[in-house]
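Asks: Sequence:
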Amino acid sequence: MALVAYNGGLGGLLSDRRLCAATKGCDPNVWFGNVERTSLKAKTAARGYGKSFFEINREYPRNILGFRREHYATWFGEV
Numbered sequence: 032m033a034l035v036a037y038n039g040g041l042g043g044l045l046s047d048r049r050l051c052a053a054t055k056g057c058d059p060n061v062w063f064g065n066v067e068r069t070s071l072k073a074k075t076a077a078r079g080y081g082k083s084f085f086e087i088n089r090e091y092p093r094n095i096l097g098f099r100r101e102h103y104a105t106w107f108g109e110v
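Mapping the sequence shown onto this note's numbering, position 35 (from 1) lands on 66, and the numbers just tick up by one.
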């Protein structure tokens, strides 16, 4: 959740967690499969970005923890 707060702002994350808490079956303390599915962020593609702010924000943690992990490992040692 720290990566999402960094990317989209702490206020946005807190709003997403509140929305999750109000959604049946959603655990506001678990990101993957829970909070990541709820958001008030725009879900239509933003002009100039090619994706919605929701998509951009939700892809960020997976990009950092998955796809770009090796890149960061070369800079900071084994991650």
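For the record, the hints were derived by calculation from the structure and aren't laboratory data.
Bear in mind that the values here come from a model prediction, so they are computed numbers and not experimental data.
Watch out, some of these pointers could steer you wrong.
What the hints assert, rightly or not - Beta-carbon label-pair distances, calculated as ranges:
no., residue 1, residue 2, range
1, R78, K55, 15 to 23 angstroms
2, R78, A53, 24 to 32 angstroms
3, G56, Y80, 13 to 21 angstroms
4, G79, K55, 30 to 38 angstroms
5, G81, K55, 28 to 36 angstroms
6, A52, K74, 31 to 39 angstroms
7, R78, G56, 33 to 41 angstroms
8, Y80, L34, 16 to 24 angstroms
9, A77, L34, 27 to 35 angstroms
10, R68, L41, 18 to 26 angstroms
We put the beta carbon where it would ideally sit given N, CA and C, even for glycine.
Asks: State the violated hints by number, sorted upward, taking the hints as numbered earlier in the document.
Replies: 1, 3, 6 and 9
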